[in-house]
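If you read the sequences in order, they're chains D and P. So in the numbering used here, the last one in the first sequence is 681, and the numbering has no gaps at all. So in the numbering used here, the last one in the second sequence is 681, and the numbering has no gaps at all.
Incorrect hints may have been included.
Given that identical chains are not distinguished, each listed pair holds provided it fits within a single copy or across any two copies.
Claimed, not checked - Taking lysine-lysine pairs in the DSS-like style, the calculated list, with each CA pair at most 25 Å apart, reads:
id: 1; residue 1: Lys223; residue 2: Lys108
id: 2; residue 1: Lys223; residue 2: Lys264
id: 3; residue 1: Lys660; residue 2: Lys108
id: 4; residue 1: Lys678; residue 2: Lys613
Keep in mind the hints are simulated off the structure, nothing from the lab.
There are 2 protein chains.
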Amino acid sequence: MVTRKELADAVRVLSMDAVQQANSGHPGMPMGMADIAVALWKHHLKHNPANPKWADRDRFVLSNGHGSMLLYSLLHLTGYDLSIDDLKQFRQLHSKTPGHPEYGYAPGIETTTGPLGQGITNAVGMALAEKVLGKSFNRPGHDIVDHRTWVFLGDGCLMEGISHEACSLAGTWGLSKLTAFWDDNGISIDGDVEGWFTDDTPKRFEAYGWHVIRNVDGHDVDAVLKAIDAARAETGKPTLICCKTVIGMGAPNKQGGHNVHGAPLGATEIAAAREFLGWPHAPFEIPADIYAGWSARDSGNAAEADWTARFNAYRAAYPALADEFERRIGGKLPADWAAFAADVVAQIAAKGETLATRKASQNAIEAFAPKLPELLGGSADLASSNLTLWSGSKDANSAEGGNYVYYGVREFGMAAIMNGLYLHGGFKPYGATFLMFSEYARNALRMAALMKISPIFVFTHDSIGLGEDGPTHQPVEQVATLRLIPNMDTWRPCDTVESAVSWQAAIERNDGPSTLIFSRQNLPFIPRDAGQVAAIRRGGYVLRDADNARAVLIATGSEIELALKAQTALAGQGIPVRVVSMPSTSVFDRQGKDWIASVLPKALPRVAIEAGHPDGWRKYVGLDGAVVGLDHFGESAPAKVLFETFGFTVDNVVATVKSVL
Amino acid sequence: MVTRKELADAVRVLSMDAVQQANSGHPGMPMGMADIAVALWKHHLKHNPANPKWADRDRFVLSNGHGSMLLYSLLHLTGYDLSIDDLKQFRQLHSKTPGHPEYGYAPGIETTTGPLGQGITNAVGMALAEKVLGKSFNRPGHDIVDHRTWVFLGDGCLMEGISHEACSLAGTWGLSKLTAFWDDNGISIDGDVEGWFTDDTPKRFEAYGWHVIRNVDGHDVDAVLKAIDAARAETGKPTLICCKTVIGMGAPNKQGGHNVHGAPLGATEIAAAREFLGWPHAPFEIPADIYAGWSARDSGNAAEADWTARFNAYRAAYPALADEFERRIGGKLPADWAAFAADVVAQIAAKGETLATRKASQNAIEAFAPKLPELLGGSADLASSNLTLWSGSKDANSAEGGNYVYYGVREFGMAAIMNGLYLHGGFKPYGATFLMFSEYARNALRMAALMKISPIFVFTHDSIGLGEDGPTHQPVEQVATLRLIPNMDTWRPCDTVESAVSWQAAIERNDGPSTLIFSRQNLPFIPRDAGQVAAIRRGGYVLRDADNARAVLIATGSEIELALKAQTALAGQGIPVRVVSMPSTSVFDRQGKDWIASVLPKALPRVAIEAGHPDGWRKYVGLDGAVVGLDHFGESAPAKVLFETFGFTVDNVVATVKSVL
């Protein structure tokens, strides 16, 4: 019979050996949290290594993601498709075991972690998803959605501001199936944390409305198990289990100090650790009885089989709901979606309304959302400005559940929670703030792009058109910087039709996130033929052509109106120009040479117009073209005054075009 | 004798009338916090309206900056150079009274606020500055630095994650001269906060080690005064005064609801408010006795005169210290700085070391810092990775004071605290994290640029050269996006000499911030002649020319080595090319046409090489040139493997150059 200590030591030794082999990595956390992992993974975690995508599995998030070898060791030992050779490839190119856990690289990785604080925030999203999905689908006697979310986190996560945003919300929402284990080892990279981290963390979490279990010995598996029992017994609040640990436990000369955090132990200390732990086995050799002690294959198969039987009973009782559940969890759109969406766009085109695109966005949500219960909306305390509520919106945290999240003034938390909602499955989250405050959330947008997941980030008040609130709130460089995030599709539509199509594209996208950028102010409706409406999905297309055009005007969003007026003015001066609308540069760039050349003929000089930073447009206009843009901060004044003051006038565009002919 | 109510009502009425006149703005907060303002501004704030830059004034920060009319009213009424006509120009172009308080627009504005949570964080920096400066300059019997920092903040600031980072540090640092007034009105934009903000805020702040005064009636001036007395009596902790208020107090039909937050009251409600308050005066008419009741001109002059007398006594006792204090507060470099700095750079050039530029950065700090006690360093828990410590570093929060701040894992908090340290005066802060996590801090970098203040942001591990930690930690688009912030100078030096010069430029800059981007890995020293060393300050210059060059290679940082090797290889194939080093694109862009044309001759095709997002380089290479860059995420692997895998090879550069000839 293997002991708990042997189970934990297997994790310790695999971790220190893999870091040593890679000559890079973080042994301290895996060695320090190994006993907690035994308590959770051996005795509580509901999972099936043979099916990492089982819908009702518990979710486990390693928020202190630098300790990735802990998770890789656990996945390997419990029976996931992650071999010992995979562990030997730790931190090597195209391995399943990169330096931080990367979603999509190894089975059982629920989210990419490493950027501190975001893992716990993703987990809050996952726990919210479980709660809301359960309210939608569970029926008396049929709890088909009933799983827990477990998080490991360290001091770094707790220092990060986003932990405040996420954990405050988790408390407000009463996410009682969320349990976090705090690795309270008193050490961060700069040394003993007492010089920079003196929070009374238990008290802080009690202030958020959490159930807090203090002073648990993180190396006493029984103590941790007792705490987990208490967490499970709590039905109104999330639980924080405060585990006192020794970082690098098992490395006799280095444990408890910051040098064990982020560097290989070295051959001498590794030998000493083997002796200290009484571990006689060679690197990457795990005795069969320890594998057997860790394996979750049988228990996992049994757990999933039990759920499948219950789901079959649910299907017998509620066949339509069961189908819908599978559609939602599978991330599939309704079967008649394409025709439905085309009809929505056609109706909006037929109406021909002049609206602020944020209002056009709301109308698009109003049209699409009744068809898509997976749309889970929200705003960071700007619902009435972002216009993200629709007539069917209901607070997701109400007693009966719903489809709208009031995130409060927490942009970064919102975005990382949206990532967690999406990763859980069953939801297509959208959430909004002012475009300027995309900056507060920026790294969570990047994480969505890196994970190839597809939440929808809605940003309104997209330029100096915001007006009087002034330069702190007026985007200048924000659209340009969003366009630089790899795998992010950024849309800046110019009217109701482009707004609806950008929503449709974002809804249909399933390999990366979208940002939808909308105006505060009214923008005129632009008539288009059916071919042009279809061409919006290509990211850039000819909106108004001219015979024998001598130049191309490229514009987006609110500057389309200006481009069209300048086209008319130039025509009056005998200078025909083409107007191209380019709502999404990344989508346009993917269209292939022929489409690109047909929209932007090589021979014609180009002028881009956008009330934002000009530099990104050089990619399209080159050195011989020109950009009517804004390379400085805005000012506080009515929008109309600002556009005129900063050169967004027909006269200036006309003069600029003439300068490049 | 005017009553306190009349004083408060003057603020209320000016605020509601100015918002009405602008037809835009936020009346709710000024009307709700007017009584608190009477307590603080009438009875406690140490300031001199005739000299808003008096070194020992108290600092007042309106963290809920949307309530700007509160501050403008107070500045006007107490006697600053801000006229009633300025108030009438609220939110109009080029007025002193923009929508949010903008640093540099009106006297008495200590920092630009609006982006929530950053004001309180700036204030933490100001309070830290006061504490550290006092330890440097005060002498027994000569407390020439002895002032307080006062902050107004609302629910929004408290929900933002950055408030956690800042207030945790303020508690750890024991900033007892910092007092924050929480406008606890229970309302945010989406409505009653109980659906999304249920923190026990007093308990939360106690967990941070703050002195918390609960349940103060924010409309009872005596109660607020009593709380302020208690705050002043506390000498070990910052104080949070929790003020229950009614948002929009005085607007009889709208007060207490969210509709009063961010829109004009309207003529009807304004008339009702005048009646309700018993305020018979026309808009923008303030009776003389109320002006007299508010005026701080006499008391302010007296307070400053008292300090000046004490400073003169200090000067008599410590003449050199007094001179140094004035130099520091004036933001002036030492008189012999230019020669000193030139010597430092020359010595570094003479050494010719091959080092990681993060190590070159540390050497530059080591060389410059002994001359500059105003350099106040720090890192977000990555001192040993960022290499921001030097031999003279001492914890600023030690008993005797110092010059280094251990910020913990708090990137956004660090950056906004640095802004506060700079705004206070007396310090040139630098602070560091990994380049990736510049994203967590991004809006604080922008705020520094907007305010035209000059802290130094140090970002290391600047590309896939970071290696095994993988894509969550490998910058791709980050340098490109930093370059897009208006008024930000971003430097990515290629060796020890460029690193030292970029530090020198950042130290000397006084009209905007700098970001210094350094490599993890070693980069070879590049020999230069004196003219080339001088040319580094021009942002871009010819590093290795070639006779009859047929193309220009532009590179930065770690890719300079590759450019030089490609130049050699191309020369071997009979293709002479010029190599341009461009450590700072924004500095280069400011050099004027002649310099730019001399470095990048119009006729030559160009290839840019940078291990980062290519799009920004189109500005220099146009449509006919090429970029060897990276438009996708990185991977976890050793750095050398990644550079080769992703095309940063001589062969690829050579082929790319040939493709554009």
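We went through each hint and held it up to the structure:
no. : hint            : in the structure
1   : Lys223 - Lys108 : neither (42 Å within a copy, 48 Å between copies)
2   : Lys223 - Lys264 : both (16 Å within a copy, 23 Å between copies)
3   : Lys660 - Lys108 : between (62 Å within a copy, 19 Å between copies)
4   : Lys678 - Lys613 : between (28 Å within a copy, 21 Å between copies)
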